[in-house]
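Asks: Take these sequences, add in the hints, and give me the full structure.
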Amino acid sequence: MISTPATVADDNVLLRTTGLTRHFRLGGLLSRRMLHAVDDLDMVIHEREIVALVGESGSGKTTVARLLAMIYPPTRGDILYRGRSVHKLHSRKDVLWYRGEVPMVFQDPYSAMNPVFRVAHGVMRNLKLHRRDLDGAQQREEAERVFDIVGLNPAADMLRKFPYEMSGGQRQRVGFAQALAVRPKLILADEPVSMLDVSIRAGILNMMARLRAEEETSILYITHDIASARYVADRIIVMYAGHAVEQGPTEVVLSRPKHPYTRLLLSAVPDPREKAVPVSADSGEPPRVIDPGEGCRFRQRCPYAIDKCATVTPLPRPMGPAHDAACHVAVPDVVDGDEAGTAGEWRRTPAPADQSLFG
Amino acid sequence: MPEPLLEVENLSVSYLTDTADIRAVEKVNLSVQAGEFLGIVGESGCGKSTLLFAIAQLLSPPAEVTSGRVVFRGQDLVRLTDNELRLVRWRDYSVVMQSAMNALNPMKSIGAQFKDTMRAHERVSANAIRTRSAEVLHLVGIDATHLESYPHQLSGGMRQRAMIAMALLFTPQLVIMDEPTSALDVVAQRSLMTQIKELQQKLGFAVMFVTHDMSVIANYSDRLMVMYAGQVAEIGATRSIFERPLHPYSKGLLDAFPSVRGPRRPLTGIPGSPPDLGRPPTGCRFHPRCSEVMTQCLTTEPELFSVEATEVRCLLYADSAEPAVAR
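Chains U and G are the protein sequences, given in the same order.
Numbered by this note's numbering, the letters in the first sequence go through residues 1 to 359 in order.
Numbered by this note's numbering, the letters in the second sequence go through residues 1 to 327 in order.
Hints were generated in silico from the structure; no laboratory data involved.
It should be emphasised that the depicted structure is a prediction, and the values quoted were computed from it without experimental measurement.
Please note that the accuracy of each hint is not assured.
To give an idea of the interface, some chain U residues facing chain G are shown, with a C-beta separation under 8 Å as derived from the structure [stated by the list, open to error]: (1) SER57; (2) SER111; (3) ALA112; (4) ILE200; (5) ALA227; (6) TYR231; (7) LEU264; (8) LEU265; (9) PRO270.
Quick reminder that beta carbons are idealized off the backbone N, C-alpha and C, glycines included.
Replies: This is the structure we're talking about:
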């Protein structure tokens with residue numbers, strides 16, 4: 001079965017990226033134009049932690065998910081999963097092991113399933129591939145168990161349905177059930193609720209919180225909706241144009257955002273409880289990062305930009321405990337005694353006090 | 001009160017199939033005043049897009065208006081022939097579709113599509129087309145050089161703006177919008193909404209805006225209509241519905257999205273899914289999902305009751321209110 005990792009990971013870090021970079025070549029064979037989808041991303045995901053990766057379309061957040069899912073190799077940098085370098089996994093056994101521990105749930109539940117098969121097909125396939133220790137009857141039982149966990153009951157009936165017989169919310173639950181069937185340690189959820197109606201999003205978000213509590217999985221929750229990130233995530237990483245511009249504990253980042261882009265994102269969230277319409281002159285155009293030079297990529301939209309922003313790329317700086325921002329202008333919180341954490345070294349965030357909320 | 005710009009009376013739309021008659025819109029009454037912003041919210045499958053299409057007379061078989069009238073500036077659009085409609089459509093009212101990526105022709109430049117649109121509804125000179133196209137693009141904050149651009153060269157937000165520009169080529173009095181912001185990110189969404197509101201105030205057209213996300217229009221619409229299973233569940237002033245939602249469904253929609261401010265509260269969403277409109281539930285159509293369901297909800301179909309200035313289709317208000325008089 002699963003071999004013990006060669007190097008034991010420190011404390012409870014599950015996955016760590018160092019300088020993770022992915023470029024895509026644009027244009028014809030001889031073209032030298034490079035699209036910088038992700039540049040120098042350092043992040044950490046701990047066991048039983050929900051991390052939200054927040055950004056606009058084009059910010060590189062889906063590329064990160066695909067790099068972690070081994071869909072394509074990084075241009076530079078490394079992904080360490082439990083201390084093992086992911087792109088050095090070559091044997092079928094190792095690759096299966098990693099894919100089983102880190103499955104992905106896709107954005108569009110309408111196109112992620114084969115319409116000619118019953119929904120049991122995907123779950124059973126995963127079980128046959130990754131859970132060979134179980135016999136047929138046990139696999140069937142396991143399929144029913146994961147359907148129950150994601151709230152598709154009665155599971156036996158639900159397994160017999162075709163995708164077209166299910167609503168979007170139910171299909172997305174099937175996506176999570178497929179991931180759960182392989183006993184994952186980390187689920188990569190790429191915008192799992194953005195295609196769903198607002199009224200059923202809450203159910204999926206609550207389910208994600210329950211998976212963490214009951215199945216002890218970590219989740220990388222990729223979204224452009226910072227409000228839903230706040231609802232489920234322990235930590236938030238804000239991406240802009242391929243750079244992680246700010247990361248830290250959810251409540252800290254949202255209550256004391258340091259990067260001007262995080263502030264812009266927060267101000268754009270519609271809040272019906274608020275009466276006045278906040279004025280934003282920003283056109284909301286994310287840049288295409290083709291052959292970028294030095295400098296902050298947010299500077300053209302930034303109201304606080306200084307000369308230095310055009311010449312020096314800001315690196316993540318500590319802003320408070322486990323809180324970093326990549327901005328020349330941001331002012332760190334004053335932390336007495338304890339020096340703020342260094343960039344890239346993320347301490348485990350204490351679980352939010354109101355976690356019991358999710359039962 | 002002045003004569004409304006648009007008056008929808010008792011409008012019903014069915015999708016006629018061999019096996020069933022699916023009533024996607026049932027006996028909807030509503031009116032839009034000149035210059036008003038009316039928001040329409042509901043889940044997918046509640047009939048909100050069908051309603052818009054019925055009003056714009058864009059339905060195609062098997063959908064059919066089975067009863068009712070759509071009176072726009074004194075004319076019943078349901079009765080007009082195609083040729084008569086051509087004179088009204090786009091000149092007096094226009095439509096902005098949900099997905100700009102699919103609604104724009106990928107093979108034609110923005111300018112060519114503007115030209116087609118203008119030629120279809122008016123005899124105009126090439127010069128006038130060029131001037132007007134540049135004007136409307138400028139209105140939505142896009143540089144006129146993008147008339148040469150093809151849709152794939154524009155970002156999602158710009159494509160959606162170009163769609164709005166196209167809707168403003170003539171100066172319509174009513175612009176019908178079907179979820180124009182749902183494919184956009186929050187920042188682009190906020191900026192587009194602000195722009196729509198500014199244009200509306202500047203040019204004075206009325207807007208009917210459909211969305212499934214109530215929070216999007218909270219700060220922009222004057223009146224709000226909540227649709228459920230093809231019917232009006234609640235209609236009233238936006239502020240009053242947000243502050244004091246009457247229908248349990250409206251309450252559910254309002255509690256469905258998390259907030260970035262204030263304390264973190266558990267969200268319940270709305271359990272279950274919208275009913276099959278071929279076989280709607282007996283009594284109140286919302287009763288299988290309702291948190292405040294009573295025994296009579298299973299058998300009695302509620303009418304619209306007036307509670308102050310709001311109309312609500314819920315038996316909770318049967319005693320305290322008079323049934324709203326059908327217009």
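Asks: Check each numbered hint from earlier against the structure, then list the numbers of those it violates in ascending order.
Replies: Of the numbered hints given earlier, those the structure breaks are 2 and 3, listed in rising order.
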